[in-house]
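Number of protein chains: 2
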Amino acid sequence: MYRTNTCGELRIDHVGHTVTLAGWVQRIRKMGGMTFIDLRDRYGITQLVIDGTSAKEINDTVASLGREYVIQAEGKVEERQSKNNKIPTGEIEIKLTKINILNKAQTPPFTIEDESDGGEELRAKYRYLDLRRNPLKKALMLRHKMAHETRVYLDSQNFMEIETPYLIKSTPEGARDFVVPSRMNPGEFYALPQSPQQYKQLLMVAGFDRYFQIVRCFRDEDLRADRQPEFTQIDCEMSFVERDDVLRTFEGLAKHLFKSVLGKDFKEPFLRMPYSEAMGSYGSDKPDIRFGMKINELTNDVKGHNFSVFDDAQYVGGIVVEGISAYTRKQIDELTEWVKRSQVGAKGLIYIRVNEDGLKSSIDKFFTQDDLKKIVGKVGAKSGDIIFIMSGVKSKTQVALGTLRIEMGNRLGLRDPKVFAPLWVCDFPLLEWDDETNRFYAMHHPFTAPKPENLDKFYSNKKEDLELVSANAYDFVLNGTEVGGGSIRIHDAAVQKRMFEVLGMTDEEAQYKFGFLMQAFKFGAPPHGGLAFGFDRFCALFGGQDTIRDYIAFPKNNTGRDMMADAPSKIDDIQMKELYLKSTAPEE
Amino acid sequence: MYRTNTCGELRIDHVGHTVTLAGWVQRIRKMGGMTFIDLRDRYGITQLVIDGTSAKEINDTVASLGREYVIQAEGKVEERQSKNNKIPTGEIEIKLTKINILNKAQTPPFTIEDESDGGEELRAKYRYLDLRRNPLKKALMLRHKMAHETRVYLDSQNFMEIETPYLIKSTPEGARDFVVPSRMNPGEFYALPQSPQQYKQLLMVAGFDRYFQIVRCFRDEDLRADRQPEFTQIDCEMSFVERDDVLRTFEGLAKHLFKSVLGKDFKEPFLRMPYSEAMGSYGSDKPDIRFGMKINELTNDVKGHNFSVFDDAQYVGGIVVEGISAYTRKQIDELTEWVKRSQVGAKGLIYIRVNEDGLKSSIDKFFTQDDLKKIVGKVGAKSGDIIFIMSGVKSKTQVALGTLRIEMGNRLGLRDPKVFAPLWVCDFPLLEWDDETNRFYAMHHPFTAPKPENLDKFYSNKKEDLELVSANAYDFVLNGTEVGGGSIRIHDAAVQKRMFEVLGMTDEEAQYKFGFLMQAFKFGAPPHGGLAFGFDRFCALFGGQDTIRDYIAFPKNNTGRDMMADAPSKIDDIQMKELYLKSTAPEE
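Note that the protein sequences, when read in sequence, are chains Z and X.
Adding 5 to a residue's 1-based position in the first sequence gives its number in this note's numbering.
Adding 5 to a residue's 1-based position in the second sequence gives its number in this note's numbering.
The hints are simulated quantities; they were obtained by calculation from the structure and are not laboratory data.
Certain hints may be false.
Given that identical chains are not distinguished, each listed pair holds provided it fits within a single copy or across any two copies.
As the list claims (entries may be wrong) - Lysine to any residue pairs mimicking SDA-like chemistry, simulated, CA-CA at most 20 Å apart:
| # | residue 1 | residue 2 |
| --- | --- | --- |
| 1 | K518 | A180 |
| 2 | K81 | D18 |
| 3 | K401 | E282 |
| 4 | K100 | E84 |
| 5 | K527 | Q31 |
The model shown is predicted, which means the values in this text are computed figures rather than measured ones.
The following block holds chain Z by itself, in its conformation from the complex (with noise of 0.2 Å):
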């Protein structure tokens, strides 16, 4: 027993108490013939204290700490002189009687403190010192609580955990897989799973009716920003449902998680909106709703004014920014350049501020006072308001306007992180036009059954009819972050012979993709449907961040590389001979 209580649990009740304590120096300090030490473990932290009336051999030792020196101390807890009411064992401090240096520590190369001095890449190198760090190690608690808290939700509502393999066969359809070369199996690789997906859908053949399992997935991608090689799902399937089985039963784990873990309690049952709403009014299939300035269409309204940029549009946008009328010139032609960024990809911005005094806009050429103040009523903005207008191809310029939407909610500080507004978007287009290839894709993947009222247009042979079909799947979005995404499964044989049909694929070519679970519907699928939640950016949104890296114990950076354990790295001839391989990386 190295210790009887934690550096977080002494309060004024253990006042007269002996206690032994161990953790980490965080400070010391010198006041007049006092010295403080402030000791950490992973529940807090405790002050200790000595004094002239202290024995000389426990001087000794304080004298020699240094920080993060792993220490054992004994002493009396008293109460305070000055209390420290910011943290909870602030009334008590301990007087040392014992003291005993279980390890040194050299002087780490960053400061532990919530704000660090140490950069990125230094920080990524000593990862173990940098979870030391409150902001770090309560992120991780945070994730802990999440998945059991998970895991207490999914066992009470009758689903079973169930490891599906990490080793898996290969598959050439969507992301790159990585890959592990098979020593017993010379010339041959298994997979590492991009998601459970197929598995999860044998379970259900298997009858297990109600599956789930927090997994780790894999994708060999040129990483975007704030993407990791592996990542961490809730996956979840479940037999003999329907969509609304599917939502009731993860918003009621979304709402469990929202009470033990943040405590707020969401009454309500979250919005449900179609996909073409989250574009039309949002200008997103991922809307942030804890802010309106919702996108109003105009393209009836603002024509035949000799505006070529409106007359020749397909559409016509705007979104009202409440009082930002004071903007300057210079604040909007700065839009202007944002908005015009590839990234936005917009055109241009017009802009109507409008003010007590009357309507200002940069369309003064074209519109009148009046045809103006007809926009004003449409979009109902009022004085000290701003309406940004954007024209063009329809859904690009709906994603435009949801762009400078989200970066307006931003300036004006509409995005509370500690406000939550949970949402689900239904009704996404089952298929996507390529243009290129000249065919249908599948929005999802070719398991995600039609709506049922839209079966007839499935089979249609008109592109119209098939581009109007919607698919039974839905994702769960939170403060405009997808966060989780599923659908209804096609489990009828002729419904998943006509999507493949759809689809271009042959008979062969379904077979050699999807061969197992083609083979083991053969043998009694239950109608069944199920979602993932990606779990590393659910916590990250939990704890009000943006970034996921804070909410993953080891990390990976922007090239898929471990920066504290050096990896990946060159492995010996030997074993690149008992995998019968050879590499042909170019000579550094």
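Place chain X on chain Z using the hints.
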């Protein structure tokens, strides 16, 4: 909503209710004018019935049903005429009013019964059908419960589940790593973890205090019977602990699992047995203590009878097998052949048969009845028993006697899988001398601490002293199987340096092999220790089974192949090129 109830929940109280069930057709029986259908889902089986009064379309549909069809059935709950008290729903049946075929099924290639008619290979190929069978379904339900209760207990003990990476650095130590080529880092590879050992120690350095993870591990070894290339561990580590703290905590976990999963209450502390006693009394470091039949050393009791087999032996020992004195000469000869097989490796087997009317032995030529009586007295045999004796090199002979002991336990039915006898085996040797390379190896791994009371010997330069150093290590043994193992780790830099010295490892080598962990230890490592349970095996033992394969949803066969998915497999040339790899596998 496809159903109002599951197939496992209706009871006599539900009589009169109209319900809808969904599931698989297990069996169809016709009796007189009645047809009975056993409808199965994960939760149970419910009997559906139609008779002469049922509508024609129902009769027609029922007539078209085959085994494993997926149906939806509506009807009224009625009390059965002849009840089935073998199943919980056996008092009721559903009088069908509506039936809907949700999916047809091809006839499965083997019967979906507790005892199937399918061979192992066939069942592996159609694993999703094999999983429909009760024994496998129950195995995975038990596994889910074990995992869940493990998490409930460890969470209650302040353990945090922290996910460690699966794409890590390859290390040349120990068993062979599976490796993953990195496309973004040409010529370099990740490894899949054999265990998160280094990461969990880093988490202790990071201050997380109590870590656990139910985690997949990978080992590219030639597969012995009942080994899998990927397997699951309950992996744990704690800071500021001594051995007894660790044992107390995980004995708590084991007791919680026995109680919550099997309803078995272990009130007494588990036995703690030193390695030397385990070897001496059971000839095994994982003794099965469900039965006695301990080994008795006879070395000094049998010398001096001109019997060179004993006189020249380093060690002589024997076991008393009760109640088998009626064994024929043929049976004993067969046992003698059995122990002489290379798997046991004994040179021979000597017996003393203890009968009412005297002693009969294979060494009658050298031992008088009085001599034999002394042996009988020493080992405490009684009339009706046989004593089996072996001699030779001490450790080998003990192991051979231990193997015979287990065999006799099996033959005599002393190893009831429903009886559980857990214990801790402690005080393993720290080091193993290898004559071939003329050096010591770490019996566990080079971070395992020597027992504090053996530190003197640890710093000695004599081989004999070093051989006597015990490790601060422990195994959790259940019914003759090592289910868990771990140790207190070295946290002191000087002790670690000495360890590498004893292992003949240079600083550079140690740095190369354990670089970032050694580096981390310089920044304040707390005293820590932990252990890992083999989760697949733990589940199988709880289920009373010898093999783990039924406790893994999708296992691989002995050549590491997934027979269902047909993995591993070839990948295409484009991907090989992207990975900078060329295969040198012989063409088929």
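Item to check | Hint numbers contradicted by this structure | outcome: none
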